[in-house]
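Peer 1: Start from the sequences, fold in the hints, and give me the full structure.
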Amino acid sequence: MAATCVTEDAKLIRFTNNHIIVTQAWRSSVVSVMVAVKKRVAIGSIEDLSRSSIKDSVNYLVKIAKSTKPNRDYISLPRGPFKYTAQKLNPDSIQGSSLVWYVRDAIESAISSGAERVAGALAFKNIETELATSSSTSGHDSLSSLEISVRAFASDEASGQASSCARLEKDFHPEQAGQAAATVAREALNPVDGKSGVYDVVLGPNVFANLLNDVMFAASAFNIDSGLSFMTSKLGKRVASSNLTLIDDGTLDDGLNSRAFDDEGVPTTRTTVVENGILRSYLHNTSTAKKFKTSSTANAGWIVPQPWNIVVEGGDLHEEEMLKELGDGIYMTNNWYTRFQDYRSGDFSSVCRDGLFRVKGGEITESLKGLRISDNLPRILQNIAAMSRSRKWVKWWEVEIPTLTPSVIVRNVRLTRSTK
Amino acid sequence: MEDIGRFAINYASSLGATYSEARIQKDTNNTTIIKNGVSQFSGFIRELGIGIRLVINGALGFASTNDLGRDSIAETVLSAASMARVAATTLKKPISLSSSQTRTDSWSVKQKKRLQSVSVEDKLELLFELDKSFRTRRGVKFPARLLSLSEMITDKIFLNSEGTCITSRVPRVALSYMITAYSPTKGTAQRFNKRGETGGWETILTWNLTESISEEAEILSSIIKRGRKPPREELDIVLGSEVVGIVCHESCGHPFEADRILGREAAAAGESFVTVDMLGKRLGSTHVTVIDDPTLPNSYGYYLYDDEGVQAAPRQLIKNGIVNTFLHDRATAADLGIESNGASRSTSYAREPIVRMSNTYMDSGDYSFQELIEPISKGIYINSFMEWNIDDRRFNQRYVGLEAYFIRKGELTHIIRNPVIEITTSGLFTSVDAVAKDISFSAATCGKGDPQQGAPVWTGGPSIRLRKVRLGGS
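Chains as they are written, first to last, in this note's numbering: chain C, 1367 to 1786; chain P, 7 to 480.
Because the hints were derived from the structure by calculation, they are not lab data.
Some hints could be false.
As the list claims (entries may be wrong) - Cross-link-like lysine-lysine pairs, in silico, DSS-like; alpha carbons within 30 Å at most:
id: 1; chain 1: P; residue 1: LYS235; chain 2: P; residue 2: LYS192
id: 2; chain 1: P; residue 1: LYS415; chain 2: C; residue 2: LYS1600
id: 3; chain 1: C; residue 1: LYS1429; chain 2: P; residue 2: LYS32
id: 4; chain 1: C; residue 1: LYS1432; chain 2: P; residue 2: LYS138
id: 5; chain 1: P; residue 1: LYS98; chain 2: P; residue 2: LYS118
id: 6; chain 1: C; residue 1: LYS1735; chain 2: P; residue 2: LYS235
id: 7; chain 1: C; residue 1: LYS1421; chain 2: P; residue 2: LYS119
id: 8; chain 1: C; residue 1: LYS1600; chain 2: P; residue 2: LYS235
id: 9; chain 1: C; residue 1: LYS1786; chain 2: C; residue 2: LYS1735
Peer 2: The following block contains the structure:
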């Protein structure tokens, strides 16, 4: 049996057309319990935290567990106690008024950098996690984060998106996000229809982070079993160009989703999923690890292993060298709505969003619109030709798992557009 | 519970709120999942809390808590008020809400067989029975199968400072599955599908699941074994109900959400190619009428009052090809000088209500399916899809067919694999030249808002015919 109690105290401000449209604050404490009776698993989560409610819920869970069928893949929780490394960063306490001023800074910065309209969301979260298991494990963890996502419009069809996210207030730069979004928006003015074709592309950090969230989804051992992965039976094999080293790291001091322990109480760690293009590991909890004859990577999820923070090792190129190295192609700053026709093969498409540029002779020549990536994710990973040295943390509406990534150059990417 | 809500509203008023509302919401969700013929887990989620929204000094604030003690609620109201007060100092224009009739009402969806009366054993038995349909067929295996059965009950008490008080109870059931078919020589094909309705356990019994899932297995194996490449030239396309439903949802429902049109969702879910001055203008052929109707009996997106206490009614978004009306909450309606048409929804006590669809579908026409395909000399029929997406202004979309057939001289001939429709919204709606009578619906979870809110909806419509479209994807 394992139980967590997660207390979340969060504030969020949404802004659009250069002013705040709503402020939000929510506070909740949720107890989640997993019970296993002879490999029969039941999981419940409750918000009425009175002792009687918790007792009734656990009794009900045991009843459900006894009624269900055995999950032959289930393995007993790892035996503790474990030693956890305390988070080095103490959470900030931030007043709602400070958040309002951060929003004002982002809006003013974007407008002074050429935006006509600015929209976005700023969130501050403080999350406390308590864990106890029947295998002598217990722990406490806390995490705070600040995130702002800014979308600036220089016209209805010329927009740019940028974000800033940090564990500590001193590392949080909303005005830089506003300026960066507006700079892209201004450059995106007067877009023309892009043409379908196969191009070499620069994927900015927003785009690559979005795709990497799907790569890590595919690396979860549960999804391997569920037919939702193009990485099935690829351990030890090449799944990407040698440029790519992809890591899940739950221990990062500046990781927005770092945790001292996973939901089974195992101390989190750094797991190299892809090393120089070779698939080294899936993400595991104790049960999936046993099934795959390996050790847990401390990514539980009681049922589905999940990544904590996605990290890509940087490449050799300075950011300003990326377009020169690309030569002739397309530069994408953002995307959304990535959907798969077949998770096993990795056939997918994703819509370009915000600044999208034609590049010739290493220079941006025009702003484009109306294109989407229509390709295959394993092929894109194999065709990574270069990476920038500098990396950026990305987390926003379309990038759920915080991702530290460089820009990348990918050769021969198929882009398509509407035919009518 | 009602007294807790009144306490919150009274306290908000005492802090200077010119409007306030409280929504006490309890969501109970029971789920059972099996994977590859093995039970994964059974379990539940029980949420209970209060969400408070208020207007103070012209600014809108929302706060929530799951601690229903009076001290906690007072603190929550204070939190909403204090943040809104600071935000008000930055406002250029105060928020206004359209007028709304004061209502006291109670409504619920009846269950003939109560969801709570069905045991975990019975649910597992159903899932295992359905899983048996995926036995090897003609050399095609089904190595990965994920089936999930959920039943949910939502209880709400809504009160506002204008005197409205609405209580409701909505039970829902949903079954979803993700299936992978595989042949060593032909590769894989995948199918995700979801069924969902409001009502009790009796609704599941009307779905003929054993038959329909067995048919899914048969179709998947046929796609793998016999599917051919799609044609390249311009041709006519018939879209089945499932595809028409997603078209209506993505290309009409979303761009007709007034909050998108007014820029409120710009940073996340996006804006809209539709503008206010397009009201009364032509967007599609005369055959196209798209409706969003929360009051459809048994529908997955059913409600009689929205989460601002406004009475629900059907909305004709496109009427005979003309832009007719948008989806509104009280704030967007006030911006346009009209009254809300009851499209404000929230999926949890902890989420603000925002403009949402309910059940969005194309109205049926006069044709039989046979009459749709009869005059086509060369075309394709797409009955289901897997991959889809659309840009954030809702103008360029893509649907990749799963079950699809070639049409030659008015008859379905062979199966084709992965035909891609990549088309603009106006290109799609103006190409419709015939609409069939065979209307049906699919269940879906619509994502929008920040934080994300997944709202239960139906998408649907009849089969429709598009003329002269070139397939995309290359």
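Peer 1: Identify every previously stated hint that the structure contradicts and give their numbers, smallest first.
Peer 2: 2, 5
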